[in-house]
Structure formats: structure tokens, C-alpha cells
Amino acid sequence: MTEQEQSLHALHDIKKMMERSSRFISLSGLSGISAGICALIGAWLAHPYVMGTRDFIMSWEKAYQLAGNGTWVLLFRNWLFWIAAGTFTAAFISAFLFTYLKSKKQGIPIWGSTAKRLMINVCIPLIVGGVFLLKLLDYGTFGLVAPGCLLFYGLALVNASKYTLDEIRYLGYGQILLGLINLFFVGSGLYFWAAGFGVLHIAYGIYMWQKYEK
Amino acid sequence: MLNPINHLNKLFDSRVRLGIMSALMVNETLNFNELKELLEITDGNLASHLKALEENEIIKVEKGFIGRKTNTIYSITKVGNKSFKEHINALEKMIKATK
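Going line by line, the protein sequences match chains A and B. Take our numbering: the final residue in the first sequence is number 214, and no numbers are missing along the way. Take our numbering: the final residue in the second sequence is number 313, and no numbers are missing along the way.
Next comes chain A alone, as it looks inside the complex (with noise of 0.2 angstroms):
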């Protein structure tokens, strides 16, 4: 090997450790895929219920006993509540799994620091935006939750590919352009949040998984 191969190598070393040692790489496009299957089914059996054709509060009856009790209450009482909390619960469960297999086919731990930096990094955009979204609907504002979630979850993917694989940056723009779009569109939401959450995830899950794992 001549001098000059060395020191390629020698570079080509490096960055590779650089690369290694600061981003979480373990991220697997499957995941991508099967949190999007799970966010177009979320949509489609919250569908009816956001469009008005099948009533979303449980038990108005209920409900009226219980609105003392301030909105917290009425939250629990909500179909969509719980059609959103069991889509985030499926597309989290989904998204780990795969995601933990690749960390094992590599050989690196799925709970280092650099899985740590990136869930930190992650989290507080997501946090943040839930709160407010929250708040939101404290006050009725319902029309502004999806393109909500579509802004900050892009906000948070942005800020993430810093520390994974830079191509989530390009999802998290996706995310954003669907959200800013969605503001001048406020009642169809829904279609808007399963095209961001759903087509999205899975368009870029089949990317990476070709362009990485296959």
C-alpha cells in the first residue's frame, strides 16, 4: 500500500468513527413503514367521528354529569382520544421493534448515548408541541391541532437529523410544507395529517430501507 492509500484509509477511518460515534444509525426504514401503516388506519377509524357522521363523545349523558369537572374529564370521554392515544401507542410499539432489531443485527447497543441524544433532542420539540396542542384544545381550537402536530413533529424530526441519519431532515421539511399548507385548509385535517403521518412515514421508510438495509 502506498502512502497515499494509507492516508486515505486513515481518513476514511475517521470519518466513519466520527459518523459511528455521534449519530444514532440504528434507525430502520421498517420503522418508518410500520408507524405509517399505523397512522393511516388511526385516521381512517377516527374518520367518521371527525366528520361528524358518528358522535365522538361516548356518553353526552355522562358528559353532562362530568362537565363540572372541567375538560380533562371530557378528554377521557372521547372516542378520539383513545382511537389517538392506541395509534401513537401501535406506531411507537412498531417503530421500537424494528428499529431495536437492526440496533442487534449491527451490534450496537440500542440504549447508548447516542440513542439517548437523539430521544433528548427528539423530545423536546414533541413535548413542547404537546402541551400547546393541548392547551388548543382547552379552548376549542380544534382546527389547528393537525396542522400542529404536522409542524412541531417536523420541527422535532429537523432537529433530530443531527443526530441519526441526515435524511430524516428531509421528512421533517415534508412535515412542515404539509402543516404550513394545512393552516389554509383548517377543516380537512384529517387528510392532511394522514398524508403527513402516513404517506410520508412510509414513503421515506421505503427510502431508507432500500437505500440502507435491503
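Don't read these hints as lab results, they were simulated from the structure. Hints may be right or wrong, so weigh each one.
The calculated lysine-lysine pairs, modelled on DSBU-like cross-linking and capped at a C-alpha distance of 30 angstroms, are [as the list claims (entries may be wrong)]:
(1) 104/A <-> 296/B
(2) 102/A <-> 307/B
(3) 16/A <-> 296/B
(4) 250/B <-> 211/A
(5) 116/A <-> 224/B
(6) 105/A <-> 296/B
(7) 116/A <-> 292/B
(8) 135/A <-> 211/A
(9) 104/A <-> 307/B
(10) 135/A <-> 102/A
(11) 16/A <-> 310/B
(12) 265/B <-> 277/B
(13) 265/B <-> 250/B
(14) 307/B <-> 15/A
(15) 15/A <-> 277/B
(16) 116/A <-> 16/A
A few chain A residues that face chain B, going by a derived Cβ cut-off under 7 angstroms, partial list only [said to hold, decoys possible]:
(17) 11
(18) 13
(19) 17
Which bits of chain B does chain A cover? Going by a derived footprint, with three or more residues having C-beta under 8 angstroms, they are [as the list claims (entries may be wrong)]:
(20) 232–241
(21) 274–285
A virtual CB, placed ideally from N, CA and C, is assigned to each residue, including glycine.
Go by the hints and put chain B onto chain A.
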């Protein structure tokens, strides 16, 4: 022009040491186990390379405890940062010289 080889640091003339330095350049601190997992080498091998870098004041070592287990934390010194950057620049020059 100076011969770039003059700037190549003998201390970094090993894959393990290059790995240690690269990882510490992008992480403020790493502990022994994290380095071990990243480099996929044995305790003894890693310890001897860390010792050499420490003796040359390239890296700093802080010993602490998590519960009862020892937790040794490593970070790069100012000198270490400067000499590693010089080493990378020298490597780049070596490649460019032949193009």
C-alpha cells in the same frame, strides 16, 4: 513547502488511536465502555492505547463512580485537539500531493 510527513504525528500512527481521537473529537466525553463498544477491542488493548495518549497529554482522564462501579471518563485536551487537526491536515496534504 514543508514536507507534510513532518506533521504526521507518530502518536496517531495506529487504527485504535485514530478511532479514539475521532470519537472524542465529536463527543465531549466518553467512558471506557463506550469507547470499547465503538472500537470493538479488548480491555487491555484499549487501556494501553489510552495510557499512551494520556501520558502525552493528548487526552484527559477523570475517574468517578456510578454506584460502586468505577466509571472512567475520557476527553480531549487542547493540545490533543490541535495535534489531531494537524495530523488530519497532513493526511489530506499527502493525498493532494499526488493528484
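Verification of the hints:
1. Distance hint between residue 104/A and residue 296/B is unfulfilled; the C-alpha atoms sit about 36 angstroms from each other, more than 30 angstroms.
2. This hinted pair does not check out: residue 102/A and residue 307/B have alpha carbons roughly 38 angstroms apart, beyond 30 angstroms.
3. With a CA separation close to 20 angstroms, the supplied pair residue 16/A and residue 296/B stays within the 30 angstroms bound.
4. Under the criterion of a C-alpha separation no larger than 30 angstroms, the hint pairing residue 250/B with residue 211/A is consistent with the structure, at around 28 angstroms.
5. At most 30 angstroms may separate the alpha-carbon atoms for a hinted pair to count; residue 116/A and residue 224/B exceed this at roughly 35 angstroms.
6. Proposed proximity of residue 105/A and residue 296/B is contradicted: the alpha carbons are some 37 angstroms apart, above 30 angstroms.
7. A hinted pair counts as satisfied when its Cα atoms are at most 30 angstroms apart, and residue 116/A with residue 292/B qualifies at roughly 27 angstroms.
8. About 40 angstroms separates the Cα atoms of residue 135/A and residue 211/A, which puts this hinted pair outside 30 angstroms; it is violated.
9. Distance hint between residue 104/A and residue 307/B is unfulfilled; the C-alpha atoms sit about 39 angstroms from each other, more than 30 angstroms.
10. In summary, the hint linking residue 135/A to residue 102/A is not supported, as the alpha carbons are separated by about 37 angstroms, beyond the 30 angstroms threshold.
11. For a cut-off of 30 angstroms, the pair hint linking residue 16/A to residue 310/B stands: about 20 angstroms separates their Cα positions.
12. For the hint pairing residue 265/B with residue 277/B, the CA-to-CA distance comes to about 14 angstroms; that is within 30 angstroms, so the pair holds.
13. Using a Cα cut-off of 30 angstroms, the hinted pair residue 265/B and residue 250/B holds, with the two alpha carbons roughly 14 angstroms apart.
14. Only pairs whose Cα atoms come within 30 angstroms are accepted, and residue 307/B paired with residue 15/A is accepted, the gap being roughly 16 angstroms.
15. Taking the CA atoms of residue 15/A and residue 277/B, the gap is near 28 angstroms; set against the 30 angstroms cutoff, the hint holds.
16. Between residue 116/A and residue 16/A, the direct Cα distance comes to roughly 20 angstroms. Compliance with the 30 angstroms bound is thereby established for this hinted pair.
17. Nearest Cβ of chain B to the Cβ of residue 11/A: about 5 angstroms, under the 7 angstroms cut. The hint holds.
18. Satisfaction of the interface hint for residue 13/A is found here, the shortest Cβ-Cβ separation to chain B being roughly 6 angstroms, below the 7 angstroms cut-off.
19. With a cut of 7 angstroms, the hint placing residue 17/A at the interface with chain B holds, because the nearest CB-to-CB distance is about 4 angstroms.
20. Against chain A, the segment 232–241 of chain B contributes 8 residues with a C-beta closer than 8 angstroms to a partner C-beta. That satisfies the three-residue criterion, and the hint holds.
21. Figure legend: the segment 274–285 of chain B, annotated as covered by chain A; annotation inconsistent (0 residues with Cβ-Cβ distances under 8 angstroms, at least 3 required).
Hint compliance for this structure: hints 1, 2, 5, 6, 8, 9, 10 and 21 are not met, and every other hint is.
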